[in-house]
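Q: The chain contents come next:
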Amino acid sequence: MSSEWKFTTKDLAEKPELLMPGHRACAGCGPAVVYRQILKATRGPIIATNATGCMEVVTTIYPYTAWRIPWIHTAFENVAANAAGIETALKVMKRKGHLKHDHIDVIAFAGDGGTYDIGLQALSGAVERGHDFLYVLYDNEAYMNTGIQRSGGTPHCASTTTSPAGRVIPGKPEYKKPIADIMVAHGIPYVAAASPAYWRDLITKARKGLEVKGPAFLHALAPCPRGWRYDTSKTIEIARLAVETCVFPLWEAVDGEHSLSAPSKVIALKPERKKPVREYLKNQGRFRHLFTPEFEHIIDEIEHIVDRRWKLLLKKCGMA
Amino acid sequence: MTVVKQKLLALSGDEAVAYAVKQSDVDVVAAYPITPQTIIVEKFSEYVHNGEVDTEFICVESEHSALTACLAAAATGARTFTASASAGLALMHEILYVTSGCRAPVVMTIVNRALSAPINIHCDHADSMVERDASWIQIYVENSQEAYDSTIQAFKIAEHPDILLPAMVMLDAFFLSHTLESVNVLLDATVREFVGTRKIPLVRSHEGKLVPFKLDPKNPVTMGPLDLYDYYFEHKKQQEEAMQRALQTIKQVHDEYGEISGRRYGNGLIDPYRLEDADIAAICVGSTAGTTKVVVDQLRAKGVKAGLLRLRTYRPFPSQDLREALENVKAIAVMDRSNSFGAYGGPIFHEVRHVLYDAPTRPQVVNYIYGLGGRDMPQALIHEIYKDLQKIVKTKRVEKPVQFIGVRE
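For the protein sequence lines, the chains are A and B, in the order given. For the first sequence, our numbering begins at 1 and goes up steadily by one. For the second sequence, our numbering begins at 1001 and goes up steadily by one.
Everything labelled a hint here was simulated from the structure, so no lab data went into it. Small disclaimer: the values here were computed from a predicted structure and weren't measured.
DSSO-like mimics (lysine-lysine), calculated; alpha carbons at most 27 angstroms apart, straight line:
hint: 1; chain 1: B; residue 1: K1218; chain 2: A; residue 2: K213
hint: 2; chain 1: A; residue 1: K96; chain 2: B; residue 2: K1022
hint: 3; chain 1: A; residue 1: K94; chain 2: B; residue 2: K1022
hint: 4; chain 1: B; residue 1: K1022; chain 2: A; residue 2: K91
hint: 5; chain 1: B; residue 1: K1305; chain 2: B; residue 2: K1400
hint: 6; chain 1: A; residue 1: K94; chain 2: B; residue 2: K1043
hint: 7; chain 1: A; residue 1: K10; chain 2: B; residue 2: K1218
hint: 8; chain 1: A; residue 1: K96; chain 2: B; residue 2: K1218
hint: 9; chain 1: B; residue 1: K1022; chain 2: A; residue 2: K100
hint: 10; chain 1: A; residue 1: K100; chain 2: B; residue 2: K1209
hint: 11; chain 1: A; residue 1: K100; chain 2: B; residue 2: K1218
Let the sequences and hints guide you as you build the complete structure.
A: Written as structure tokens, this is what we have:
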């Protein structure tokens, strides 16, 4: 692992943008920030592939493209198979002397729908086969591109267009699927959770994921002002609150060995710094219905779930 | 050029295809064994594991990913191959369109098997006929020799800079796939020279430069973008134009191959048999043509002017060749080994009849749906068809334009 590797603000500022401005993402788009940060982590020639989703749509409306690197989209459920095909083609073309480059990194981007749900089979297959690529899940916690439908990544009780906050059922009844744990269970060399509020941590993890040999999985939280219903200026603030409340702790697992990343480690060492989950929920319209006398008890339930998951994580990180 | 040295091997249809792929310098093969896979990829895995080919074989987790991986590898510049059948091809349906839309020249063999339900692994053409609109070149073969020859040709056709469309070669399940046949194979070097290394054409990138049409960090291109009402239509029209150009390219590649191998299948598009002076003719694709030729010979021996037109290339559809070959025939029986439920006849019937609408003397065209789920098509049934045609010529009346044959009432 390249854990000694450091980024300075100057390095990052001087590095050319690989995702060009002028794309058509919404104001305050969390995924766009995540993409920009990840592309600051590249180490050389790279090919990107994208599942169908917001970021595919907003960056490539023909005849324009925001991509300064080779990029391909084929469908929704198969981005990991794209990466597998690209990586394999590069391997054999290099062996046959048909490739000018010594090495080309491969990166796959997908949203939560393309990862938790329809893309899980291709992802599981590709990492089981050990292809050398970085898979980035930009998790905006619903099918935002198609109109805010719930996904396996949508959190408990969030209101979406297919799990609306009704009079009887207050949002999504189910819980968020622990996708990163599922990826760790595949026995792959690198899995990490990151938030764009902690950009140095996110960029470093993306770089580690690119450098590791074999499959790497980066779970990046990517708040969406349209779907989460908050003011477009609050994206980074909410991405930070998710970490500060332990709703989305930051960690990595290298060869299955878990460790907390600095922003979450601080909370593990000084639990009084952990903010109540209410702080995270209150600025998001998708949880507004929980702040009514009828459903307010659910906030305590969510707090309880967050605590339980946090404790499990601490145990895995040897900090319980 | 003269016919080159060849070897005679005893191969099943599956093995013949695997042998052709082995010789064609393929970079990436990705495959999955859905209900069931064929010996093609099993045989090819042996070549990989014994070091007989310089190919990466990806054992993917679904047919959907098999075609996706081939498409992405082809977009990266590799020569790619996969094989499928029935349910596997149906699962690929979405990616078939993506592959042709991305202009990725993937080559795929389809061992024609019936679609479920009820589940059935035997031969009919429902699986590939339903994909006729996917902008893939479709070649149906009559025997294992042709399966071998057509697979090699398919790489050259698909990758031709004027075409850049994926191609599928169809062979009948079990009748061809699992039956041993004497197959003449070319020497490795001959095939290698014939297919050459994959040439990547230049395209104009978004930065205005002419760049190779592949994923290349030196010359970045964006593939598979969002393409709305302002450009999508033009891109689809370009695909249609490439399809029409393929009529010529298929003939040309078939000719070049014929020069070195000494083997030709009609003109590469249609393969007529004793059709020149025929009054009555059958039309079919695939291995049934072999049995039908025997029946034609028997009828000819009795003085009946019977002929056969085997349709080799179904996409692009060789309308003009077909019309010219059939315009003097009086009655035609189109044999479809698949059904278009609720339609007026099977898929080949639709197009043949439609094309002949423009013929100066419009022949009578009738349709027989036969052999679904691997039901045998013996000589006796084919004789019945020709008997019907003779009656139609005599009475100038068609009683049943569309009927099922060889099925219990």
